[in-house]
Amino acid sequence: MAFTLRSVKVPPNSASLEEARHRVFDFFRAACRSIPTVMDIYNLDDVVTKSHLRSAISAEIRKNLHVTNPKVIDMLLFKGMEELNNIREHAKQRHHIIGQYVVGNHGLVQDLGAKEKDMSDFLKSFYKSNYF
Amino acid sequence: MGLGLLASRALRPAASRLLRYPPRHGLARAIGSTPERQSPEASAAQAQPDPAPELPPRKPVAGARVHLPNPEDAIEVFVDGYPVKIPKGMTVLQACEVAGVDIPRFCYHNRLSIAGNCRMCLVEVEKSPKPVASCAMPALPGMKIKTDTPIAKKAREGVMEFLLMNHPLDCPICDQGGECDLQDQSMAFGSDRGRFTEVKRSVVDKNLGPLVKTVMTRCIQCTRCVRFATEIAGVQDLGVLGRGSGEEIGTYVEKLMTSELSGNVIDICPVGALTSKPFAFKARNWELKGTETIDVTDAVGSNIRIDSRGPEVLRILPRLNEDINEEWISDKTRFCYDGLKRQRLNDPMIRGADGRFQAVSWHDALAMVGEVIHKVGPEEIVGVAGKLSDAESMMALKDFLNRMGSNNVMCEGNGKHPNADLRSGYIMNTGIAGLEKADVFLLVGTQPRVEAAMVNARIRKTVRATHAKVGYIGPPTDSNYDHEHLGTGPQTLTELAEGRHPFCSTLKNAKNPAIIVGAGLFEREDSDAIFSAIETIAKNGNVVRPDWNGYNVLLLHAAQAAALDLGLVPQSPDSIKSAKFVYLMGADDINLKDIPDDAFVVYQGHHGDQSVYRANVILPASAFSEKEGTYENTEGCIQQTLPAVPTVGDARDDWKIVRALSEVAGVQLPYDSVGGIRSRIWTVAPNLVSVDEREPTTFSTTTMRPNTNQKISPNDFGMAVENFYMTDAITRASKIMAQCSAMLLKK
Amino acid sequence: MAAILRGALKGIKEKGLGNFLRDLKEEGYLKCLADGNLLQTKLHNIGATLVGVDKFGNKYYERLGETQHGRHRWVEYAEKGRYNASQVPAEWHGWLHHITDHTGDELLMLKPKRYGAEHRENLSGEGEAYIYHSKGHALNPGQRDWTRYKSWEPAKTDSQ
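Protein chains in written order, with the UniProt record's numbering: chain A, 1 to 132; chain B, 1 to 747; chain C, 1 to 160.
Simulated from the structure, these hints should not be mistaken for lab results. Glycine included, each C-beta is placed from N, C-alpha and C at the ideal position. Watch out, some of these pointers could steer you wrong.
As the list claims (entries may be wrong) - Have a look at the derived ranges for each label pair, beta carbon to beta carbon:
no. : chain 1 : residue 1 : chain 2 : residue 2 : range
1   : B       : Gln358    : C       : Asn122    : 48 to 58 Å
2   : B       : Gln358    : A       : Lys128    : 19 to 29 Å
3   : B       : Gln358    : C       : Tyr132    : 31 to 41 Å
4   : A       : Lys128    : B       : Val376    : 29 to 39 Å
5   : A       : Asp40     : C       : Val53     : 41 to 51 Å
6   : C       : Thr147    : A       : Ala15     : 48 to 58 Å
7   : A       : Val103    : C       : Val53     : 52 to 62 Å
8   : C       : Tyr132    : A       : Asp40     : 19 to 29 Å
9   : B       : Gly567    : A       : Asn64     : 53 to 63 Å
What the hints assert, rightly or not - Here are some chain C residues the structure puts well away from chain A; computed CB gaps all over 12 Å:
no. : residue
10  : Tyr29
11  : Ala34
12  : Lys55
13  : His69
14  : His137
Please take these sequences and the hints and turn them into a complete structure.
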């Protein structure tokens, strides 16, 4: 724990939304720069590409698009930095990375063909799993 | 035998002296883990509150009710000072059970004869010079039995020491460890040290076949297995050889145990001498999750407990049900479980243009089926339910195909002209337990030993107890009770119906005659004529009376009775020969050559068995161990399975597949849950909803059946089940069953 | 000293100077100058009996008599640069460490046919170290299959 905290700097709060925005970009750059290392240490070359990981990072950031409070952005950035450090320090295992950033939260079973909108709830859950 | 109970009993005198208040409830609970599951004895023993000497009267062990036929035969004995009234002829041990005292025992088993050779049940009887073996001692009026005196305890400790003298100390590697009577009772009654310094005896292991593993050094010569084999299984394979310290259990000659009930010796063995070979070293019993469900490999519907760990079924054990399987199950039921792990269908598949299967998503598979089913005419759609189907899925299939305009839904094994109108015409009206009252049996075209081993055990029990006569019509068969082979075909049946056969007088003079007809006759072309001949026999022999209905049909498959209740009867018998769209719901035993070459075949099931090779689309379904389903057994008792393990791969429950398909095909079925489908079943066959109840039939077919103008063909009756061990998709996929049929069914 | 020189001259005469120098190099005499350990072994070898040579080329010497007991058996490794004790194969280990008096060549026939593995020296630190990966590890080539059932194989079903 201590070594994680040491490496995560806690800068003073962002004064404005503009500063927070810059910090987000800095964080994104830092994350993108660590992608080759991450691919190397988790042996991800055969399961994912760099651009996929980049878009996974940006998707994680875009999830919080609606946040406008610089303090909240700082807090989220801190969390993101902590996560990034954990990943870089090999504090996670391969399946954590695959589960969170490669497969993502939409799960392994992706129903690509289900375009019809007028399905009943039964059919929707039937396509997902046996247990509902 | 619950360890908790035993321990608390061992502690009782000290505790009652030391403690004024009764805290022993908590103690018993804390030690015993889940003894209700371990054995019927233990469950009852645990349920019974620990009787404290201060609180009369005690409740009987196992909730045993004492039935006094005539009160003047009752005698009174005193157990630990408490008077109990018992009928004459009960043993001391039974009297103690009635009084609520559980006596430790190894050789005594209440379904077997009394041997009295383990000496563990010694109790003190007043005015008797030495402790008496309570299991073999008849209770006499005014007997004063003492179970808790120093003499009784010392006797038990001494017996225990002798038993452990030659018992190996291999509990850590023994499969019985954790559910071993010897382990439990030595904890409760044994000494804390041994005085034995010599070399232990060792015994050569016997080869009893692919099911039962023997470690004969562990044997304590209780002879339960010998008595089980001779009395219940009816094979004289096991016996005791030698005397004294050279005594051992074995087959007399090098021979496998060829009984369809041999697995039960694993359960009755109080130590780890006889254990399950397929289960050997697979798991410890305390890491297993037990699921109380029922068996579907035959029409008996034996009550079983599936023990699983994670996604794997590791073993199957019987549950007590006096009406159906008592406490035994057949080997097929017990050892078919490895079939659940092999040859499984786990992805929906579509056969491409090149004849190869390709795994697709559920969406694509259902879309394809929904498209094709609209391209064929309604009368060209045929649905066949398999022998393992549950009532819910058969209901859904029938509703779905009816909505598509077809009424050709059938269940395999029910033949072309099933009589679904009168329930008494296709179930066992006497009931399995009711067979014990019969004094003459007439078996027509059925070999209960291979078709329904538990029913056969019931018949054997009756024959043994009351010397009931058994007449049999059918091909020569190997039966394990005395029977009179009347003939091989319908010829004999006609003679019996016309009263020309000598067996007619036996039937007529019988008090409770029972006719058992095999469901294999359903498949015959002249089934109607044969059944009317049988009904004539029943009428002449006065088999069906208001107080006794001896007319029975012994079904072959778990799905048959429910299918007939739900009315799965094809509109035209040969519809499958002109079908363009065939929906096989687990039907693996239909004649695939009947299906036209241009027909589109959908196979929904859990095993890649026989019909898969003809299928165009495969929809993977869940097996009986993975779903909740209602089944009706051959005597009309409704029971439900419970899911023990998760489904494999991308499989779905049967009725859910049909329900989803109906929506894709545009004819949405109106139920979305098991509850919904059960209320639909309730409108069709209300008896299928009352679980664990047996609805007796109201009308008898003997009076109501319409006359038939069919002619009886002279062809002999065939064998309905060729191979006892492999009858359905699960057992055919099982390696153990394959071994059994290779080793045990030598022709 | 004179004997060594005489031997050297005899070698030059027989093989010619070029061949002699090459042999000198191959036998590690040149490395002796930097590696005192090897030099000492070489000096020790003089007058000792060569008991055997194993399949890697390691030479096993023995000198009884005036040598101190316990130092009377030794090995000259075939590898002159990076030699280490793990290069001695199993069959010679016993002889070398005075466990047995049977030489490696005699013990070779005791090697089990079915499961006897070829001797490999310890390559730790040489880039070919053996690293254990547990069964589920991503780098383990034989990754464990966690499915507890066997699925039906459609490949062998081209009956239609």
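Evaluation of the provided hints:
1. In this structure, B:Gln358 and C:Asn122 meet the distance hint of 48 to 58 Å, their C-beta atoms being roughly 50 Å apart.
2. Checked against the given bound of 19 to 29 Å, the beta carbons of B:Gln358 and A:Lys128, roughly 22 Å apart, stay inside it.
3. The given range of 31 to 41 Å is respected by B:Gln358 and C:Tyr132, whose C-beta atoms sit roughly 39 Å from each other.
4. Checked against the hint of 29 to 39 Å, the pair A:Lys128 and B:Val376 passes, with Cβ atoms roughly 30 Å apart.
5. Look at A:Asp40 against C:Val53: about 46 Å separates their beta carbons, and that is inside 41 to 51 Å.
6. Distance hint check for C:Thr147 and A:Ala15: the Cβ-Cβ separation is about 56 Å, which falls inside the suggested range of 48 to 58 Å.
7. About 59 Å separates the C-beta atoms of A:Val103 and C:Val53, a value consistent with the hinted range of 52 to 62 Å.
8. Checking the proposed 19 to 29 Å range against C:Tyr132 and A:Asp40 shows it holds: the Cβ atoms sit about 21 Å from each other.
9. Separation of B:Gly567 from A:Asn64 is about 59 Å and conforms to the stated range, judged on CB atoms against 53 to 63 Å.
10. The claim that C:Tyr29 lies off the interface holds: its Cβ sits roughly 46 Å from the closest Cβ of chain A, which is beyond the 12 Å cut-off.
11. With 12 Å as the threshold on Cβ separation, the claim that C:Ala34 sits away from chain A holds: the shortest Cβ distance comes to roughly 39 Å.
12. Once the 12 Å rule is applied to beta carbons, C:Lys55 is consistent with being away from chain A; the minimum gap is 38 Å.
13. Its beta-carbon lying about 54 Å from the closest one in chain A, C:His69 satisfies the requirement of being farther than 12 Å from that chain.
14. Consistency note on C:His137: stated as away from chain A, yet its beta-carbon is not over 12 Å from all of that chain's, at 9 Å minimum.
When held up to the earlier numbered hints, the structure conflicts with hint 14 and nothing else.
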